[in-house]
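Asker: Input sequences plus hints: build the corresponding full structure.
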Amino acid sequence: MAEKVSLKSVLFNPLSRNNPVVVQVLGICSVLAVTAKLEPAIVMGVSVVTVLAFANVIISLLRNTIPVNIRIIVQLVVVAGLVVIVDQLLKAYAYDASKQLSVFIGLIITNCILMGRLEAFAMSNKPWPAFLDGVGNGLGYTIILVIVGFVRELFGSGTLLGYAVFPKWMYDAGYVNNGLMILPPMALIVVACIIWAQRTKDKDLCEE
Amino acid sequence: MENLNLFIRSIFVDNMIFAYFLGMCSFLAVSKNVKTALGLGVAVTFMLVITLPVNYLLETYVLRAGALRWLGAEYADVDLSFLSLIMFIAVIASMTQLVEMAVEKFSPSLYASLGIFLPLIAVNCAILGGSLFMQQRNFGSVWTAACAGAGWGAGWLLAIVAIAAIRERLASYSNIPRPLRGIGITFIITALMGIAFMSFLGIKI
Numbered sequence: 001m002a003e004k005v006s007l008k009s010v011l012f013n014p015l016s017r018n019n020p021v022v023v024q025v026l027g028i029c030s031v032l033a034v035t036a037k038l039e040p041a042i043v044m045g046v047s048v049v050t051v052l053a054f055a056n057v058i059i060s061l062l063r064n065t066i067p068v069n070i071r072i073i074v075q076l077v078v079v080a081g082l083v084v085i086v087d088q089l090l091k092a093y094a095y096d097a098s099k100q101l102s103v104f105i106g107l108i109i110t111n112c113i114l115m116g117r118l119e120a121f122a123m124s125n126k127p128w129p130a131f132l133d134g135v136g137n138g139l140g141y142t143i144i145l146v147i148v149g150f151v152r153e154l155f156g157s158g159t160l161l162g163y164a165v166f167p168k169w170m171y172d173a174g175y176v177n178n179g180l181m182i183l184p185p186m187a188l189i190v191v192a193c194i195i196w197a198q199r200t201k202d203k204d205l206c207e208e
Numbered sequence: 001m002e003n004l005n006l007f008i009r010s011i012f013v014d015n016m017i018f019a020y021f022l023g024m025c026s027f028l029a030v031s032k033n034v035k036t037a038l039g040l041g042v043a044v045t046f047m048l049v050i051t052l053p054v055n056y057l058l059e060t061y062v063l064r065a066g067a068l069r070w071l072g073a074e075y076a077d078v079d080l081s082f083l084s085l086i087m088f089i090a091v092i093a094s095m096t097q098l099v100e101m102a103v104e105k106f107s108p109s110l111y112a113s114l115g116i117f118l119p120l121i122a123v124n125c126a127i128l129g130g131s132l133f134m135q136q137r138n139f140g141s142v143w144t145a146a147c148a149g150a151g152w153g154a155g156w157l158l159a160i161v162a163i164a165a166i167r168e169r170l171a172s173y174s175n176i177p178r179p180l181r182g183i184g185i186t187f188i189i190t191a192l193m194g195i196a197f198m199s200f201l202g203i204k205i
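One line per chain: the protein sequences are A and B, in this order. Residues in the first sequence are numbered consecutively from 1, following our numbering. Residues in the second sequence are numbered consecutively from 1, following our numbering.
Keep in mind the hints are simulated off the structure, nothing from the lab. Among the clues, some could well be false.
Simulated restraints, written as ranges between beta carbons of each label pair [as the list claims (entries may be wrong)]:
#	chain 1	residue 1	chain 2	residue 2	range
1	B	F106	A	R17	44 to 52 Å
2	B	A196	A	A164	26 to 34 Å
3	B	I176	A	L160	47 to 55 Å
4	B	Q136	A	A173	36 to 44 Å
5	B	M101	A	K126	33 to 41 Å
6	B	F106	A	L180	24 to 32 Å
Stretches of chain A that chain B covers, calculated by requiring three or more beta carbons in the stretch to come under 8 Å of a beta carbon on chain B [unchecked claim]:
#	stretch
7	6–20
8	46–53
9	60–67
10	109–122
11	143–150
12	162–173
Sample of chain A residues at the chain B side, in silico, Cβ under 10 Å [unchecked claim]:
#	residue
13	L32
14	I195
15	Q198
16	L205
We treat Cβ as the ideally placed atom computed from N, Cα and C, and that holds for glycine.
Answerer: Below is the structure:
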């Protein structure tokens, strides 16, 4: 990333063309596990955007002082510190959401998107572009999370953010919520469909 | 007996990949052929078996509320549990480093075959996830923690070897729509395998 990159592309590329989840296939674990409902998906997305943006800035500020040999440990410690802060904040202000997310807030530490961005971008760029890169990639991750959460909650429980969507007469007429959507494997299939749709649009992303 | 039950349950029912989706990144990235998949699987199992008991001891004697009681009565109400994330990841990262150095010293051939995977493991969510589940479930003893670690590791190994075998066949014998090739179809296969693994729910020994 030595060449001059425009700030706009740093912020917006990760949203579609270079999406961390469906194109680079990073950070899949949490996409699958927290998206049975829309609300935890949004909380998770916001947490990741925050942690990623600030971790990028901190590593970018430190980038000239970190010895190459122990950079992974330094990065892990910075990220872990930020995650602890987010975890404590969620426990204080959004206890229900933090209960639902259980271990997955802690697992932001090992989210590959974080390590990937810190290694590939923050280590070689100034703080401001690094901040935008963090926000962009965090948002790219959040978009996928929200799409999957939306589909799964809508068809799985017939609600969005806890509010009923389908009117009662539809249930009377024989409509049934698809219980399969709540189960973990369906998250994989929804993500596969997103990948399929995106690669049909952008042919050059296809493999072989 | 209880530990055996836990071990079997951790392999099939609480499978790291199919029930919790932990360690998916390396699961998807390193499953193109069986041999490397086996190497990574063994490395992950090894690390889970080592880090889970270590983190269990740390949790029980240092971090948990009141865990420092053995130091004296005045420490009885110290609660360090907010530090657990940092401590766990530090243990995992340093263990990875230690194991890497030990393997390099004592078995260069194993190092050559596992070499590239060992550093990757520090950021494998299955390892940290194992420690966090251990914390959540209040295991009774170090042995229970070790058994759970072994079970989760074996389950992860099983999953990655199985998917690598399927992908090897797919690459040569199937006609998949172009946009789905590679990662797309792998997601769908993993989902189908996950549904199959759900049939193990409720197994008791």
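Asker: Hint by hint, say whether it matches the structure.
Answerer: Hint by hint, here is what the structure shows:
Separation of F106 (chain B) from R17 (chain A) is about 47 Å and conforms to the stated range, judged on CB atoms against 44 to 52 Å. With their beta carbons about 33 Å apart, A196 (chain B) and A164 (chain A) fall inside the hinted range of 26 to 34 Å. One distance hint, 47 to 55 Å for the beta-carbon pair I176 (chain B) and L160 (chain A), is violated here, with the actual separation near 33 Å. Remark: the range hint 36 to 44 Å for Q136 (chain B) to A173 (chain A) is upheld by a beta-carbon distance near 43 Å.
Between M101 (chain B) and K126 (chain A) the CB atoms are about 35 Å apart, so this pair conforms to the stated range of 33 to 41 Å. Taking 24 to 32 Å as the suggested C-beta distance range, the pair F106 (chain B) and L180 (chain A) does not conform, at roughly 49 Å. Three residues within the 8 Å Cβ limit are the bar, and the stretch 6–20 of chain A against chain B gives 0, so the coverage statement is violated. Coverage of a stretch by a chain is defined here by at least three residues with a beta carbon nearer than 8 Å to that chain's beta carbons; for the stretch 46–53 of chain A and chain B the count is 0, and the condition is violated.
Here's how the stretch 60–67 of chain A fares: 0 of its residues keep a CB closer than 8 Å to some CB of chain B, so the rule of at least three is not met and the hint is violated. Only residues whose C-beta sits within less than 8 Å of a C-beta in chain B count toward coverage, and the stretch 109–122 of chain A has 5 of them, enough to reach three; the restraint holds. A count of 0 residues in the stretch 143–150 of chain A with a Cβ less than 8 Å from any Cβ of chain B is obtained; the coverage claim is therefore unmet, three being the minimum. With a cut-off of 8 Å between beta carbons, the stretch 162–173 of chain A has 0 residues touching chain B; three or more are needed, and the interface restraint is violated.
Against a cut-off of 10 Å between C-beta atoms, the interface hint on L32 (chain A) holds, since the closest Cβ of chain B lies about 4 Å away. The interface hint given for I195 (chain A) is met, as the beta carbon of that residue sits about 5 Å from the closest beta carbon of chain B, less than 10 Å. Contact between Q198 (chain A) and chain B, as hinted, is supported at the beta carbon level, the nearest pair being about 8 Å apart and thus within 10 Å. Given hint, L205 (chain A) at the interface with chain B, holds; its Cβ is 8 Å from that chain's nearest Cβ, closer than 10 Å.
The earlier numbered hints that this structure contradicts are 3, 6, 7, 8, 9, 11, 12.
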